[in-house]
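Novice: Keeping their order, the protein sequence lines are chains D and A.
Letter by letter, the first sequence follows residues 254 to 587 in this note's numbering.
Letter by letter, the second sequence follows residues 254 to 587 in this note's numbering.
Be aware that one or more of the hints could be misleading.
The list treats identical chains as interchangeable, and a pair is accepted whether it falls inside one copy or across any two copies.
Claimed, not checked - Computed cross-link-like contacts, EDC-like style, restricted to lysine to aspartate or glutamate with a CA-CA straight-line distance of at most 16 Å: (1) K312 <-> E385; (2) K279 <-> E385; (3) K312 <-> E350; (4) K279 <-> E357; (5) K312 <-> E357; (6) K312 <-> E446; (7) K312 <-> E438.
Hints listed in this document are in silico derivations from the structure and should not be mistaken for laboratory results.
Protein chains: 2
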Amino acid sequence: MERNITLAHGSGGRLTAELVQEVFVKAFDDDAGRRLEDSAVLPPGSGEVALTTDGFVVKPRVFPGGDIGKLAVCGTVNDLAVAGAEPVALTVACIIEEGLAVSELRAVARSMAATARQAGVRIVAGDTKVVERGSGDGLYLATSGYGLLPPGRRLGAARLTVGDVILVSGDIGRHEAAILLARGELHFEAALESDCGLLLETCRGVLAAGGDGVRALRDCTRGGLATVLCEYAAASGLGLALQEAAIPVRPAVAAVCELLGLDPLYLACEGRLVAVVSEDVAERVEACLQTSESSAARIGQVVAEPAGRVVLETGIGGRRVLDLLAGGQLPRIC
Amino acid sequence: MERNITLAHGSGGRLTAELVQEVFVKAFDDDAGRRLEDSAVLPPGSGEVALTTDGFVVKPRVFPGGDIGKLAVCGTVNDLAVAGAEPVALTVACIIEEGLAVSELRAVARSMAATARQAGVRIVAGDTKVVERGSGDGLYLATSGYGLLPPGRRLGAARLTVGDVILVSGDIGRHEAAILLARGELHFEAALESDCGLLLETCRGVLAAGGDGVRALRDCTRGGLATVLCEYAAASGLGLALQEAAIPVRPAVAAVCELLGLDPLYLACEGRLVAVVSEDVAERVEACLQTSESSAARIGQVVAEPAGRVVLETGIGGRRVLDLLAGGQLPRIC
Numbered sequence: 254m255e256r257n258i259t260l261a262h263g264s265g266g267r268l269t270a271e272l273v274q275e276v277f278v279k280a281f282d283d284d285a286g287r288r289l290e291d292s293a294v295l296p297p298g299s300g301e302v303a304l305t306t307d308g309f310v311v312k313p314r315v316f317p318g319g320d321i322g323k324l325a326v327c328g329t330v331n332d333l334a335v336a337g338a339e340p341v342a343l344t345v346a347c348i349i350e351e352g353l354a355v356s357e358l359r360a361v362a363r364s365m366a367a368t369a370r371q372a373g374v375r376i377v378a379g380d381t382k383v384v385e386r387g388s389g390d391g392l393y394l395a396t397s398g399y400g401l402l403p404p405g406r407r408l409g410a411a412r413l414t415v416g417d418v419i420l421v422s423g424d425i426g427r428h429e430a431a432i433l434l435a436r437g438e439l440h441f442e443a444a445l446e447s448d449c450g451l452l453l454e455t456c457r458g459v460l461a462a463g464g465d466g467v468r469a470l471r472d473c474t475r476g477g478l479a480t481v482l483c484e485y486a487a488a489s490g491l492g493l494a495l496q497e498a499a500i501p502v503r504p505a506v507a508a509v510c511e512l513l514g515l516d517p518l519y520l521a522c523e524g525r526l527v528a529v530v531s532e533d534v535a536e537r538v539e540a541c542l543q544t545s546e547s548s549a550a551r552i553g554q555v556v557a558e559p560a561g562r563v564v565l566e567t568g569i570g571g572r573r574v575l576d577l578l579a580g581g582q583l584p585r586i587c
Numbered sequence: 254m255e256r257n258i259t260l261a262h263g264s265g266g267r268l269t270a271e272l273v274q275e276v277f278v279k280a281f282d283d284d285a286g287r288r289l290e291d292s293a294v295l296p297p298g299s300g301e302v303a304l305t306t307d308g309f310v311v312k313p314r315v316f317p318g319g320d321i322g323k324l325a326v327c328g329t330v331n332d333l334a335v336a337g338a339e340p341v342a343l344t345v346a347c348i349i350e351e352g353l354a355v356s357e358l359r360a361v362a363r364s365m366a367a368t369a370r371q372a373g374v375r376i377v378a379g380d381t382k383v384v385e386r387g388s389g390d391g392l393y394l395a396t397s398g399y400g401l402l403p404p405g406r407r408l409g410a411a412r413l414t415v416g417d418v419i420l421v422s423g424d425i426g427r428h429e430a431a432i433l434l435a436r437g438e439l440h441f442e443a444a445l446e447s448d449c450g451l452l453l454e455t456c457r458g459v460l461a462a463g464g465d466g467v468r469a470l471r472d473c474t475r476g477g478l479a480t481v482l483c484e485y486a487a488a489s490g491l492g493l494a495l496q497e498a499a500i501p502v503r504p505a506v507a508a509v510c511e512l513l514g515l516d517p518l519y520l521a522c523e524g525r526l527v528a529v530v531s532e533d534v535a536e537r538v539e540a541c542l543q544t545s546e547s548s549a550a551r552i553g554q555v556v557a558e559p560a561g562r563v564v565l566e567t568g569i570g571g572r573r574v575l576d577l578l579a580g581g582q583l584p585r586i587c
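The following block holds chain D by itself, in its conformation from the complex:
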């Protein structure tokens, strides 16, 4: 018989304990978590500490290429990886709406566990809260990540320098386009899988290939490639010049955008990063990116003017200034 989450599962009593054992302890299979104390205890780490957190409210929770659990682990691991950190451990807080099928929760926990295993990272602590029917939408997750930075590694917009090269690790916008199609509100069919995935190996490869020439890495999530670049331009005070023709966009994504009047530059990815690297290492880094994703490409460079702006050079020789969108193109894509 299908069992569903009740308010009693969030009470802290026997049903909470059983749910935690049956679903989370079993899936995450971690000694620190199994102790069920107030905090998980991990061995001392050396290096600077990286901390990150993200909430996940994606709708639908399962989509071609992923689900909310995989998305949460990828998102958190990627945030550590693009900071140049080695991810060590994650924690997860679940906010569950009364009525969710226990089997779905179990599937999400397994998906989280599988993705964490793939990244070589532990899920060491968790929490479960249940809200009344109508006060949630099935399941929300909030994951946090703890990682360690090798000595002296510092990435960020502040390190951008005129002449640096801008690279993207693969075709853009596929996550948001896939979510859009998965909602089934469009009378439009396309075989489109989210790019939801881990960027840890990619980051390690880029840092190994580019060394100190790697200025900044950022995953292009909410707001897409354009938002990352606008934030870089604003934070560095430099200009970013992009060649539109060089930016990889799959035909199906371009078609969805065409139909709906969306701009692929602003569509969220969940497994793509932008790397800004010095000119002398650009070729090596580009080659490294292309070994894991053949669509990886060099898309532009850092320039002095216009200061603080992103300028797109269009195929037909025009120039368009990119800016942050006021709002987004689609709610609840992650």
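Add chain A to chain D, keeping to what the hints say.
Specialist: Just chain A now, with coordinates in the frame of chain D:
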């Protein structure tokens, strides 16, 4: 004019950036957070690492003695403190329902910041997601904590020994009783403030006074004092004998329980801990607890039999076995 949260505030575009600046960066005032990179970077720490996370869905969000922001910071700091760790940094993920007043969000952020300052802990990273009206209930928070454990410190149920003394740091059940009254569904008035508060100084005092004689500390949150003790009994395989008359319960809490048929032993506290300490340090630890809260008391001891059970010796000479409740007494108390 009162401004409200819209879906665009969760889009990752300009409105998200403005909200984060205006509400969170301003309130939390932390260099690591201000950089707005994917991860916050902190200096290396020495000692074992403690990690914890909790979701907060309390209803109402403001109650006598606290609010959801204070509750979240206290809960996370306390989880680190009872593990014997020194809290270093917190992260916070907000899941906001469309329509929430920006002024309320600002008040919550300020409350978090003030409580974190009081604890001497930084809020270094955050995330904001917005869900459609009807898919949430105003505001949910998920906080995570990172702390450091002094070398060799290990607390936990596994260290319980026959003859140990059980202490509680103050009167119990006040948080859940205050939430119950704050919902206004009872035709019952009582001046009752939640015990929501920081336990960090209390833990430091207990550990200084009791040293290695401190076996285990745990804050009594969801499920109350009884649930903590049942978990201790099960995890240690020892018995816990409690003297009912020694357990501090305020008359107003007792009256609420009497009226509604609730058991104060199972009511959540948010600023109370149970300490299990060796007999030889019990007096010193009790004296230390009483300096911060005069109602702190010695309430029982660890015994060999009945193994794995908690037995309450009632005022009239009876004995009652305490067990985990199947569900809770009240949903959404934290």
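Novice: Hint by hint, note whether the structure agrees.
Specialist: A quick look at each hint next to the structure:
In this homomeric assembly, K312 and E385 come within 16 Å of each other (Cα to Cα) only across copies, at 11 Å, whereas the closest approach inside a single copy is 19 Å. With identical chains, the CA atoms of K279 and E385 are never at most 16 Å apart, being 26 Å at best within one copy and 33 Å at best between copies. With identical chains, the CA atoms of K312 and E350 are at most 16 Å apart both within one copy (14 Å) and between copies (15 Å). In the homo-oligomer, the alpha carbons of K279 and E357 lie at most 16 Å apart inside one protomer (15 Å), although the nearest pairing across protomers, at 39 Å, exceeds that limit.
Taking identical chains as interchangeable, the C-alpha atoms of K312 and E357 lie at most 16 Å apart only when both belong to the same chain, with a minimum of 14 Å there against 26 Å between chains. For a Cα distance limit of 16 Å, the shortest separation of K312 from E446 inside one copy, 15 Å, qualifies, whereas the shortest one across copies, 39 Å, does not. Taking identical chains as interchangeable, the C-alpha atoms of K312 and E438 lie at most 16 Å apart only when both belong to the same chain, with a minimum of 12 Å there against 34 Å between chains.
Comparing the model with each earlier hint shows a violation of hint 2 alone; every other hint is respected.
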